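Take the sequences, apply the hints, and build the full model.
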Amino acid sequence: MITLIRNSWSRLFNRKARWADKKAADGAQPFSSHTQIVEFDITPNDPLLAYLLSVSSAVDLERLKLESPALRKLKEAGVKLVVPLISQGELIGLLNLGPRRSEQDYSADDRRLLNTLAAQAAPALRVAQLARQQQAEARERERLAHEMRVARVIQQTLLPKEIPALPGWQMAAHWQPARAVSGDFYDFIQFPDGCLGIIVGDVTDKGVPAALVMATTRSVLRASAEQLVFPGVVLEQVNNTLCPDIPLNMFVTCLYALLDPVTRRLRFANAGHNLPYQRTTSHRVLELRARGMPLGLMPGMTYEEKEVELAPGDQVIFYSDGIVEAHNTGGEMFGFPRLRELLAQPTCASEMISCLVSELAAFTGPAWEQEDDVTFVSLSCEEIPPAPSMEGSAGVTDSHAREFDWPEQNVEGEWRALAEFTIASQPGNERQAMERVGEIAVNLGLSAERVERLKTAVAETTMNAMEHGNHYSPDLPVEIIVIASPAAIVVRIRDHGVDQQIVPSEEPDLDAKLAGMQSPRGWGLFLIKNMVDEMRVSSDETHHIVDLYLQLTGEAK
Amino acid sequence: MMGKTFTAHVRSQPDLAMLDLAGEINAFAEEVLNSAYAEAERLSPGRIVLNFTKVNYINSTGIALIVGLLSRANKSRHTLAVYGLSDHYREIFQITRLADFMTIYPDETSALADSLPAE
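Sequence order for the protein chains is Y and V.
Counting in the working numbering, the first sequence runs from 1 upward without gaps.
Counting in the working numbering, the second sequence runs from 1001 upward without gaps.
There's no promise every hint is true.
[What the hints assert, rightly or not] Over the 10 Å line for every Cβ pair with chain V, so calculated as not near, a few chain Y residues:
1) Asp109
2) Pro167
3) Leu514
[Claimed, not checked] Stretch-level coverage of chain Y by chain V, calculated; a stretch enters the list once three of its residues show a Cβ under 8 Å from a Cβ in chain V:
4) 189 to 201
5) 448 to 459
Rather than coming from a laboratory, the hints here were simulated on the basis of the structure.
Remember, predicted model here, so these are calculated numbers, not experimental data.
Just so it is clear, CB atoms sit at the ideal spot from N, CA and C, and this is done for glycine as well.
What follows is the structure, given as structure tokens:
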């Protein structure tokens, strides 16, 4: 009768001895006439281990005098003879034999036979152990790979399933994790008032830890954005929520922008994320700067909020640092200057993200092992198709008047140019502009109420042009052109500022102003937009242009 | 072209101070307006009425100045009211929500009547 104690190194060196044989544990006869496999662990410091290694042959336990718990247990189990299985100097198992059926001692021949058997069985057992270990490791690897595939699918469900469709706007996104899962994320939030929230974020580190923090951050951001209006306040609240729970040495950079697709105003706040670039129709690339610490570093942070008004044809690119910190085979970094130069190229305008992805691939080469997650979100304000020409214009020979491009459905009949004049850039001169335009509007039959509105809009726009566009330079006048159709009047006010920002940094909120949270100023653009039916802002190589549009008939706005 | 085309005078009335404004409320008006308002605050313990009857132009800077007065009034627990606004500037007071914080009267008589104790 042979009982094999199934051993492996791990079991031999487990601290806790353990019998797996139920029968033995229940006090039944430990050995039957059949071979049994009994799991038996021996602690590493048990002297029996050293002894068996030293003798390397069959040992009669009754003659063995050792202070060994394992020895005691073997004897209690009825084991009479132990044959160590040794492979490459390692004890990998024991052959344990109970008493012979003849009740005689094992003979010298028996022992030689058993020693020969052990010498042949040990390598075979070792091979079997290794094969089993490899199978277990392969199963574990497959399980981990499966879990990562599931994690990636779960993470992808946290990203927008589709790009929002906004009339007059084109958007695109690209998400390229460096590993199965990513710390980069982006999100779009559509609000009932038509505004669109755009989020781009990057968690420090990569892989699973970053992905877990990303999931939390995304949820907190969504919840805050749906409760609050101002991007800066949203980031402030998210930071305070994340700070107590985010793991040590981890943080999140994040940019949150709020687009009003009608006014084309983009309000944004930045928690330490890469500065987005605004690409204008004149191929200028501008940084959209707003200051703020990354999320999760310190509670109580405040976030600067900025606003820009995008012109038709303008594009904005949001991106993570995966592109700018990518290296080529020569160790050179992609860098911000290269990105900016690419964006300035006309060839990169139509398919901005595709262009950047292919340029990144060309830079890094085919053997590139992606160093960090790469994410892009692009936002493009569609260009307005050229307007029909203004044949039949009379009174003023103004080539610029032909540039008017109001939607055809807004006008009936042909445009007439009514006036073209300039105003010196000097404080107070806006009144000249408003009075002249007011006289023209009265002659067109505009109601007194709407004339006053137009006058206020003209005065405010002219003030902006003199102050922000021309910086009150005496050499730079503000140009004003008035045209009309039977249905509408348009006042074009042009200054010499290119890509200037005439908009205030935030929407005027009287409660906030009275509470001292906003400057008392900042009403100009608000008044203009409320006074006319439509306001459009554009620019060319040398001018900044505002068109004010008012219907001659119809209800007051 | 530039010049100070704005004046402000304070009239003391029972229980209120009347601030008669005239001309253009723009950046040039700031010093005169704030100075006159400070005097009105000294004269009235509770209510200050701005008379816009002779104001012919208010631009965005002028709106900001009025917001500044309203902020001062809130801090010193004065009540601001106005009268004499044209329809156009009444509309601007409404869209800027200034009308939510100051009563708008059509004329001086109604402004004064509202300040009298109820019989």
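Structure-based check of all given hints:
no. : hint       : in the structure
1   : Asp109     : 110 Å, holds
2   : Pro167     : 26 Å, holds
3   : Leu514     : 5 Å, violated
4   : 189 to 201 : violated (count 0)
5   : 448 to 459 : holds (count 5)
Of the numbered hints given earlier, the model fails hints 3 and 4; all others are met.
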